[in-house]
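Please put together the full structure from these sequences, using the hints given.
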Amino acid sequence: MATESTLFEFEFDPGFRSSRLRIAWYGFIGVLLAGGAVAVYIRLTNGMRSTNLTSIVPWGSWVAFYIYFVGLSAGAFLVSTMANVFEVEGMHRIDRDALFAAIISMVVALLFVWIDLGRMDRMYFPFIWRQLTSALSWEVHAYVAYIGILVTELYFSMRIDLARIAERASGLRETFYAALTLGRDDTSEASRAFDQRWLKRAGIVGIPLAIFTVHGGTGVLFAVSKARPYWNSGLFPVIFVISALLSGTALVMMIYVLRTRLFDGESVDPDLLDRLAQLLIGFIIVDAALTAIEAFIPIASLHPHEIETWQVIMFGPMSWSFWWFMIGLSWVFPMVLLSKQSWRRTPSVMVLAGLSVVVGIIAVRFNIVIPAQILPVIEGLPHGSYFPTLVEWGSSIGIMAVGLLLYTLGAETLPLTPLGGDHE
Amino acid sequence: MSSTDDEALPGVPNVGRSDLDAMVDAETTDPREELAEVEADTDLGIEMAEDAKRVAHGELSGDEYWAKHDAAAAAEFGDAYRETPNPAVDASDQTVSAAAAESMQCTVGSMDAVAAESARTDEDGGIGAGDEKWGMVIDLQKCVGCDSCTVACKAENRTPSGVSYNVVMEEEHGEFPNTTRTNVPKPCMQCENPPCVQVCPVSATYKMDDGVVNIDYDRCIGCRYCMIACPYGARYFDFGENYDDEVDEAGEITSPEYGVDRGKREDGKSPIGNVRKCSFCTHRLERGEEPACVETCIGDARNMGDLDDPDSEVAAMADSNRAFQLKEDEGTDPNVYYLE
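Those protein sequences? They're chains C and H, same order as listed. Counting in this note's numbering, the first sequence runs from 1 upward without gaps. Counting in this note's numbering, the second sequence runs from 1001 upward without gaps.
Worth flagging that the hints you see were computed from the coordinates, not collected in a lab. Certain hints may be false.
[As the list claims (entries may be wrong)] Keeping only pairs whose Cα atoms sit at most 25 angstroms apart, straight-line, the calculated SDA-like set for lysine to any residue is:
(1) H:K1154 to C:G380
(2) H:K1269 to C:I42
(3) H:K1133 to H:G1233
(4) C:K226 to H:K1207
(5) H:K1154 to C:I378
(6) H:K1154 to C:N52
(7) H:K1327 to C:I299
(8) H:K1264 to H:T1182
(9) H:K1269 to H:R1284
[Unchecked claim] Not close to chain H: a few residues of chain C, all C-beta gaps over 12 angstroms, as computed:
(10) A24
(11) Q131
(12) E266
C-beta atoms are modelled at their ideal positions from N, C-alpha and C, and glycine is treated no differently.
Following this line, the structure appears as structure tokens:
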């Protein structure tokens, strides 16, 4: 056994296969970052005046993107637990991909929370002063604990490969990868088993954290607002979690195909792709069904405020986002692409399906945040209206570009694909 | 203008200067008669007043005036005189020299020092620590919908554009010509169970002992969750707008909300980037004054008082069968009552 590590055969050359594609991709991110930087500069110097938010619609695109990325993260994480906790066959391949995407999504989510604060300089105040009855106060702490769990998991999932790479590397590279192992450079089967055990334990802690506090909790944050009947329902946090699973699975599926093709230069495993695709079908059905129930109950109860809110969603000036993006891109279009088995095994079609869901769920998040603020809380007050400004769009794209950059840098340096066909 | 102007304008009374002076004389009270009504020495009063006129004309200096009268005033008024703030000390337009001011017998200090002392509330437990439970009762039968409460509130609290602690909701019911109109003035309800306090992640908004919901502008992070939670739309975000285009130096002075003087309004400085709302004019209540909206209401529709005091007018009104609260089924239990 002692010599096993030296016998272990692997090739480690992460990053883009094509250097032209690399340049094009970083160039693209650079353009987005530059535009975002201008928007963020205006936001910082002009303050919240640079938004289209008002005292009637105090929450807008940044909040929508914040819950979107929390959902993406929670969904991707839960997909990773299928490999490391539930040990679903063949899923190990996407474990690290899912975890790393979950971490980056959380970073992006917190950047959105940050830019949305009226006093950005006070972003650390929730860790100094608290309010036991505030869902938001609990959420902030849950996010930190959750990021801790994600990083711990990624570490245990990836450490043995980091140690293997450090062993073969020299100089700065060796120092870099050795540092990431946190000094645990053992590559024996025993150390591997130890990592697996702790990975599973962290995952077991992470599952309730992700479902109930991180994303369910984010749903609770809205659902407790009695003043907004549209959010004030018990089903609401559940839908939050389901739509998170939907977007997270779609993201992981997309990343799996793209990274395998463009970085590893390998062929996509059609069985794994089919498995992810079937998961996606299940989540689409549950998400659509629960949303229908959520809409049906208040409409059947003839609750005037909620009926009006649903009218705003379905027939209001922003109804295109409901029909085209929410219904079309996140449910109908991907469902069509997922309907045939041969398509489910075709990587390019599944990338399209994944992308469609990932984009469509953005509209789901906007349709959660905005419509509840359009109708006045008391009859006699003015109706709200909201569409993000260029500064809001620009800064949002910039923040997402930060996420893309971090993800790409990570994917170009870390062994996100288990080494040496070590798929288990 | 000449007093013998023959071409008087129509509608303008043709009076000369001597007529006006006579009117002033007729209106002026006899000082001796006036002073006789108080216990203090009438002769001393007349003498000090005559000398004060001389000071005003520059015939007598401030120092000479006080050298002449200080002892007599102290003898006449005793402790009351000695405890009076000396208006001549530390004032920018001081009429007496520092030495003369120092030698005077009113020793309690300058006007500024005394004012600062009386504004300090730390000794009695800080702002909002009163035993009262402040409540407002708004009689909708008396409200004429003139919006002067909204205007008085803006003037008093110097709220920026886009922030209005008080609004009057106006609704028309029925079809022409059989319409009725209801005006519902709406300040912050200062709820007994405030949803805004419940959701604030940093406890920046909280209920004070006197029932008023406070916002600590030094702690608020501007997340606006409280605005989402408020069922009355009573909260406003300060986007940093101002009235500089309408009024020169509009932000030079701010209102000492919740007893804190924040000086000039400046970008990046609280309350810009914070959530704001009506405080029942806490800074006025602490001085024993009514909120600006109550004081200004032309129909006397708004009433302020202690709901815990069973003898108070507001407690009686809040108990009447005309009384109701907005959105009673929310369970927030507002301390603003309406009379229908």
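Now the hints, each set against the structure:
no. : hint               : in the structure
1   : H:K1154 to C:G380  : holds (20 angstroms)
2   : H:K1269 to C:I42   : holds (17 angstroms)
3   : H:K1133 to H:G1233 : holds (22 angstroms)
4   : C:K226 to H:K1207  : holds (20 angstroms)
5   : H:K1154 to C:I378  : holds (22 angstroms)
6   : H:K1154 to C:N52   : holds (23 angstroms)
7   : H:K1327 to C:I299  : holds (22 angstroms)
8   : H:K1264 to H:T1182 : violated (38 angstroms)
9   : H:K1269 to H:R1284 : holds (23 angstroms)
10  : A24                : holds (39 angstroms)
11  : Q131               : violated (5 angstroms)
12  : E266               : holds (45 angstroms)
Hint check: violations occur at hints 8, 11; the rest are consistent with the structure.
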